[in-house]
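Number of protein chains: 2
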Amino acid sequence: MNFKPFRPDWTEKAPAPGTFRSIFKYGDPHYFKHPSDAWYKMMKQDFHLSDGDFSARQSEGLMPVVLNRPSGLQPEQIDALKAIVGPENVAQDDYSRVKYASGKTAEEILELSSGIIREVADAVVHPRDKHDVRKIVEYCDALCIPLTVFSGGSSVNFGCRPVRGGISLVVSTHMNKLLEINELNQTARVQPGMFGPAYEEALNRAPDIFNTRQRYTCGHFPQSFEYSTVGGWIVTLGSGQASTYYGDAGDIVFSQEYVTPAGAFKTLDYPASATGPKVNDIMKGSEGAFGILVEVTMKIFRFMPENRQHFSFMYPTWEAAVDASREIMQSEFGKPAIYRISDPEETDRGLKLYGMPGFVNTYLSHRGFLTMQRCLSLGNVEGDRDYTRLVARKIKRIARKYGAISLSGYAARKWEHTRYTEPYMREDLNDYGILIDTLEAGVTWDNLHRLHQGVRAYIKGRPDTMCLTHASHFYPQGTNLYFIFIARMNNPDEYRAFQRGIIDQIQKFGGSLSHHHGVGRMIGPWMETHLGREQMSVLRALKRHFDPHNIMNPGGQLGLDDIPARR
Amino acid sequence: MNFKPFRPDWTEKAPAPGTFRSIFKYGDPHYFKHPSDAWYKMMKQDFHLSDGDFSARQSEGLMPVVLNRPSGLQPEQIDALKAIVGPENVAQDDYSRVKYASGKTAEEILELSSGIIREVADAVVHPRDKHDVRKIVEYCDALCIPLTVFSGGSSVNFGCRPVRGGISLVVSTHMNKLLEINELNQTARVQPGMFGPAYEEALNRAPDIFNTRQRYTCGHFPQSFEYSTVGGWIVTLGSGQASTYYGDAGDIVFSQEYVTPAGAFKTLDYPASATGPKVNDIMKGSEGAFGILVEVTMKIFRFMPENRQHFSFMYPTWEAAVDASREIMQSEFGKPAIYRISDPEETDRGLKLYGMPGFVNTYLSHRGFLTMQRCLSLGNVEGDRDYTRLVARKIKRIARKYGAISLSGYAARKWEHTRYTEPYMREDLNDYGILIDTLEAGVTWDNLHRLHQGVRAYIKGRPDTMCLTHASHFYPQGTNLYFIFIARMNNPDEYRAFQRGIIDQIQKFGGSLSHHHGVGRMIGPWMETHLGREQMSVLRALKRHFDPHNIMNPGGQLGLDDIPARR
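Top line first, the protein sequences correspond to chains A and B.
Each residue of the first sequence is one higher than the one before, starting from 1 at the first, in the numbering used here.
Each residue of the second sequence is one higher than the one before, starting from 1 at the first, in the numbering used here.
Hints listed in this document are in silico derivations from the structure and should not be mistaken for laboratory results.
Some clues are possibly wrong.
Stated by the list, open to error - Partner residues are not named here, just some residues of chain B that face chain A (Cβ under 7 Å, in silico): (1) Phe265; (2) Pro271; (3) Ser273; (4) Thr275; (5) Val279; (6) Ser331; (7) Gly383; (8) Asp384; (9) Asp386; (10) Gly442; (11) Val519; (12) Gly532; (13) Met536; (14) Val538; (15) Ala541; (16) Leu558.
Backbone N, C-alpha and C fix where the C-beta goes; we use that ideal spot for every residue, glycine too.
Model the full assembly from the supplied sequences, consistent with the hints where possible.
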């Protein structure tokens, strides 16, 4: 017998322009990444589904966007905005109003695929430069028109949702240039709406474009790299996959220029100074609630891909992987750039997803690396050639001390190759009623296992729910835990209740509410309990200072003002 | 002929208790460090002095402190304070009131040696713990009694001067314990008033005291190490001499606990989080103007002195030393811990001070390393053994590329040995009417020479004035410049005018107003111009939030409120 196994009819068609799907589909409209056969088989098994459950796609959001809501702005206000930015840079059509109100949360996919539209802006405005932004902020502040900033749109917490209407200000349309490289200082002056790939390519090609002696890299590669912007990285406190070496987004900012209702300013350009609390730090993570980032000077790094050393290891247990990682981070021989450890469930499902040959499994099991105990670690080292060799050698030595076996650099390179494409699977799964979503937290070493077990127990407490966890950003004092949950779930209300429950558990077991996804409106309601009343009141005092009329990203952002009705 | 050269009669007597000199003398009352014969000869020559000018000491401040100013606090207020902290922890005697109002500025030495007393507190209070601090802040806030925090007292900018009277709150008397080491997280929980040596010794001896597996180091060694405290390092944004590797004080803070008029709080314990602007950052550098730091969790590091590698080099020119340093900081092979370069005048005078043998000078000159061109660089590397070897090797290679010759680790070790004793020379010089003082600034690489030349030209524009400059804290984006000026000067008014002029030049030539000395009341008047009105208003908004009645370190600190009359 020789028959082809059943495969779901995964979508291979770019969504039609103007449809809901064109808004929520991740990334390149023409790129798709489908679950492997092994992964499909696993889902059927774990979710108790049959091929029949994958015979027809469910809500796909293929219908055109129709809003049918009048704009709350007056015609003369629209005219005033057009006078500032030019008529071609003001839109009021249904599609624009919905598109520039949407991010990439699982909830938005669920709702948009069924044609459910939440709050939208009254108009979408694309400023041409920082002078436009200044005039817009002055105008909106005088008339108390809400302003919500939209850049890459990769937000996973409703950070770009114009809850109070008003204007969606899209900074990525025009304000997306690399303005200058200062090679002496190793800094780059860049506009906030520049997307990751364009920024990185310009830095890599700096000798051609800016006549520099060296090639450079930005050092910041979040999973959203291709669809997120430099400004977004900073105002949401993002972390790139190589953050263990290069630092988090906040660490690689040199200075920033903002327009706020309380005035415009540029923070100082010094490698260090002792002139009181630093406004440059105060603005990091302000998520558009204090003002609009209009220009930023970033630290940049030498681009030396020829020196990279990749590694991957299999550890016998999660405890061994954690202990080894801690020793690596505290030993002071330098740091790896990318460094990740996957817990047993993620390791197991990851190996299935990527199709580990059977003999490897047999070999690993024979050596005592058992399914649902063993843990994969992978990463790379960047920097000077002798440095990367030293750090890779040291990591290997510590890994072995904790019982790991080296899997060579193969797995790390394979992971690196596909690292930006994971989110593409979301629509495939969603088409058949399966939801994949993530939540994440920062944590100290001494609380890692407690947080991992507590949150995992809650997620696994729901029947037929996968929970994949990894740590991917490391510090001498701790790391992050990144929880991926996958379940058959297509009811937004059920989803919301479940997700709220996970956030409650993160809080209960002592994780930070977010390690690098930011707060937005989704996490806002937990902020006061998390920070405490006194610290929350510091943020509110800053909010009142910068934005006395509450026009900047109002409606629950960072939990600063009243909590929107949806929660 | 065989006669002994004339030597000034440098003081060898510890100042009598209760005298002015006992307040301003640096460090250990019984320790002295006198200028070498070569240095003395150089001073005579450069300042056009003769042995006769050193025949009698001038104002030495040997008289007992007499204040003769009534306390502005009412007896019932003193009673209330005694009820909080115990009667033994409230002082109103003249000596205490003057001592705990004084820092270590050159101006204070000039004035105190002549018996001139500026503003003092009405009472000195020594809280026993953070609960005492809380009660004191509540009491003072209710009655609008000014509170000025005093810890190590090493301030060089009048940061501890109780300009509005009220209370000097001395946190180093009782709140000076290392409370806990968390070895998993590599953190230490410590009270703010703990002095450097006690803190470092407890960390070094952690296996004995806290039963840890490893020995630890704090990584922060400012020149004031022996007479400054952990809390002071943080609230003034200090930098240690090994900051190029370990980071500045602000970088090695994990979390902080504050008591402010607006409430008490502890910032969160996470290695990273993306939950909005970080209150932990906002408090750094607040210099007692927002509230009182009552406990801090510091990052700590493995103590591995056996791995240290020392190096020193002579560069042919300042330009070569700067270029090599920049390449070292940007090459990504790791970082040295201590790293310094001295400009030609500092190199020349330093060699004289430490007595370089004549044949070395002949050799150097013969090799083309000429007086007033050549520049000394020295430092060390700390961390893992293989790491320190790698970094030392790389530094040597780059130094040679820029024409330097290695002087082995001798000079670096010699410097390290005496690095905390430099300030002891101040009183000797002052006794004979010679003033030594410093100002410093952060600067980017592309502005370093301009700042160096501009400030140096101003200082050297004064006849018979030495100007020694070094850079001692390095970053990929730049460094600091530390200006030491030495002149025959004993008139406080002349000193103030000259010093104001230097600060003006730092501002004019684009340096930060302070790299690691902080702001206090001395630099306060320049803050608004430096930061700009918009950023200064952010600091003022925070001040209003934390301290609505302006009781916390009022009177010009950080330039937040009105500028005191003395400027």
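Okay, the hints, checked on the actual structure:
no., hint, result
1, Phe265, "4 Å, holds"
2, Pro271, "4 Å, holds"
3, Ser273, "4 Å, holds"
4, Thr275, "5 Å, holds"
5, Val279, "5 Å, holds"
6, Ser331, "6 Å, holds"
7, Gly383, "4 Å, holds"
8, Asp384, "4 Å, holds"
9, Asp386, "6 Å, holds"
10, Gly442, "4 Å, holds"
11, Val519, "6 Å, holds"
12, Gly532, "6 Å, holds"
13, Met536, "9 Å, violated"
14, Val538, "5 Å, holds"
15, Ala541, "4 Å, holds"
16, Leu558, "5 Å, holds"
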